[in-house]
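Undergrad: Sequence:
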Amino acid sequence: MRALYLRAGDCQRRAGMLSSPRFKTIRAFVPYPNQMPDRLAAAILQTIHYADLFDYPLTSDELFHFLIGVRATRAEIFDALNDHSRLNGNLARFDGYVMLPRRAHLIAQRARLHADAATQLPRARFYARCIAHFPFVRLIALTGALAMQNARDRDIDLFVVTAPGRLWLVRALIIALVRIARVRGDKLCPNFLVTENALAMSEQNLYTAHEIAQMIPLYGFETYAELRRVNPWTKNFLPNAFRRAPNFSESRLRARWIKKFAERWLGGKLGDAIERWERARKIARLAAQTPRDADNALFTADICRGFFSGHGRRVLKEFETRIMNDKLQMTKYQ
Numbered sequence: 001m002r003a004l005y006l007r008a009g010d011c012q013r014r015a016g017m018l019s020s021p022r023f024k025t026i027r028a029f030v031p032y033p034n035q036m037p038d039r040l041a042a043a044i045l046q047t048i049h050y051a052d053l054f055d056y057p058l059t060s061d062e063l064f065h066f067l068i069g070v071r072a073t074r075a076e077i078f079d080a081l082n083d084h085s086r087l088n089g090n091l092a093r094f095d096g097y098v099m100l101p102r103r104a105h106l107i108a109q110r111a112r113l114h115a116d117a118a119t120q121l122p123r124a125r126f127y128a129r130c131i132a133h134f135p136f137v138r139l140i141a142l143t144g145a146l147a148m149q150n151a152r153d154r155d156i157d158l159f160v161v162t163a164p165g166r167l168w169l170v171r172a173l174i175i176a177l178v179r180i181a182r183v184r185g186d187k188l189c190p191n192f193l194v195t196e197n198a199l200a201m202s203e204q205n206l207y208t209a210h211e212i213a214q215m216i217p218l219y220g221f222e223t224y225a226e227l228r229r230v231n232p233w234t235k236n237f238l239p240n241a242f243r244r245a246p247n248f249s250e251s252r253l254r255a256r257w258i259k260k261f262a263e264r265w266l267g268g269k270l271g272d273a274i275e276r277w278e279r280a281r282k283i284a285r286l287a288a289q290t291p292r293d294a295d296n297a298l299f300t301a302d303i304c305r306g307f308f309s310g311h312g313r314r315v316l317k318e319f320e321t322r323i324m325n326d327k328l329q330m331t332k333y334q
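Here the sequence shown stands for residues 1 to 334, where the numbers follow the working numbering.
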């Protein structure tokens with residue numbers, strides 16, 4: 001993963017493109033700085049390639065927002081896209097989208113998945129409203145493919161932040177809701193829970209930066225703003241996405257008296273006892289279920305990260321492979 005775990009700022013400096021008379025070979029993440037004077041063009045190619053890993057053509061606004069490693073204005077990106085010599089024909093533009101050559105068919109797929117997401121988002125908000133009433137919940141955010149309206153399955157992935165010392169109690173309540181959702185035909189996936197003590201992410205890479213940038217906070221916008229504040233490294237990967245603090249107006253999901261009462265009731269020794277018991281038994285069980293190669297799974301008093309499939313690391317590896325090896329060669333787009 002050498003290309004994707006660089007020190008802060010490396011991803012801004014190391015970009016390049018090599019070309020031959022017949023083929024255009026993009027070296028867009030970690031070649032040598034003197035190989036490409038046009039850092040913006042390299043960043044555009046990187047961004048489109050990353051989105052293509054998810055079969056996701058980008059609008060020009062999305063390209064601006066998720067531009068990798070370089071801060072640029074919309075006008076500068078527009079000029080680069082319209083200058084054929086800068087991108088060497090390695091991108092295609094159609095119907096307001098930017099994509100790799102011969103990938104225009106993804107536009108129709110994106111429209112279909114966007115329509116599917118429109119039916120899923122109200123369900124996600126419904127479950128977020130339920131969880132918002134649970135004691136000690138400080139943030140609920142929609143993550144994953146559904147947050148980008150690009151989901152091919154029915155998963156509702158959630159990132160949840162809790163008060164310190166109550167993560168496993170909150171998780172137990174959410175799991176009860178997961179079972180109710182299953183009866184209703186919905187797949188609720190609270191894969192990642194942390195306490196307010198663990199907002200700083202240990203996995204500092206492009207994939208994690210994207211997850212933070214694209215998540216949709218449904219409750220607890222102040223905590224979401226704090227999440228972004230304590231992860232300043234994200235600006236090195238996605239400087240446009242994190243150029244300023246989010247400006248959300250608080251939604252209708254507010255704590256009610258029953259939540260405040262429950263926090264009083266469970267805020268003392270009773271809550272401590274439940275938390276210790278639930279934490280001990282669930283960490284032991286989850287650790288036994290975790291595959292040996294699932295190095296992104298982590299279960300502690302402050303973190304419950306149940307990512308067993310290694311999806312993020314596979315994405316980063318594929319991105320590095322695309323950028324770095326000769327398989328990225330493609331003929332000039334006509």
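Just to be clear, a hint being listed does not mean it is correct.
What the hints assert, rightly or not - Straight-line Cα separation of at most 30 Å, DSS-like style, residue types lysine-lysine; simulated pairs:
id: 1; residue 1: 269; residue 2: 259
id: 2; residue 1: 187; residue 2: 317
id: 3; residue 1: 282; residue 2: 269
id: 4; residue 1: 260; residue 2: 187
id: 5; residue 1: 259; residue 2: 317
id: 6; residue 1: 235; residue 2: 259
id: 7; residue 1: 269; residue 2: 187
id: 8; residue 1: 282; residue 2: 187
No wet-lab data here; the hints were simulated from the structure.
Remember, it's a predicted structure, so these values are computed and weren't measured experimentally.
Undergrad: Now tell me if each hint is right for this structure.
TA: Structure-based check of all given hints:
Distance hint between residue 269 and residue 259 is fulfilled; the C-alpha atoms sit about 18 Å from each other, no more than 30 Å. For the given pair, residue 187 sits about 28 Å from residue 317 by alpha-carbon distance, which is consistent with the 30 Å threshold. For the hint pairing residue 282 with residue 269, the CA-to-CA distance comes to about 20 Å; that is within 30 Å, so the pair holds. The straight-line distance between the Cα atoms of residue 260 and residue 187 is roughly 28 Å, inside the 30 Å bound, and the hint therefore holds.
Annotation: proposed proximity of residue 259 to residue 317 is violated, straight-line Cα distance about 43 Å (limit 30 Å). A threshold of 30 Å between alpha carbons decides the hint, and for residue 235 with residue 259 the separation of about 35 Å lies outside it, so the pair is violated. Distance restraint check for residue 269 and residue 187: the Cα-Cα separation of roughly 34 Å exceeds the 30 Å cut-off, and the hinted pair is therefore not satisfied. Proposed proximity of residue 282 and residue 187 is supported: the alpha carbons are some 21 Å apart, at most 30 Å.
The structure fails hints 5, 6 and 7 (numbered hints given earlier, in ascending order).
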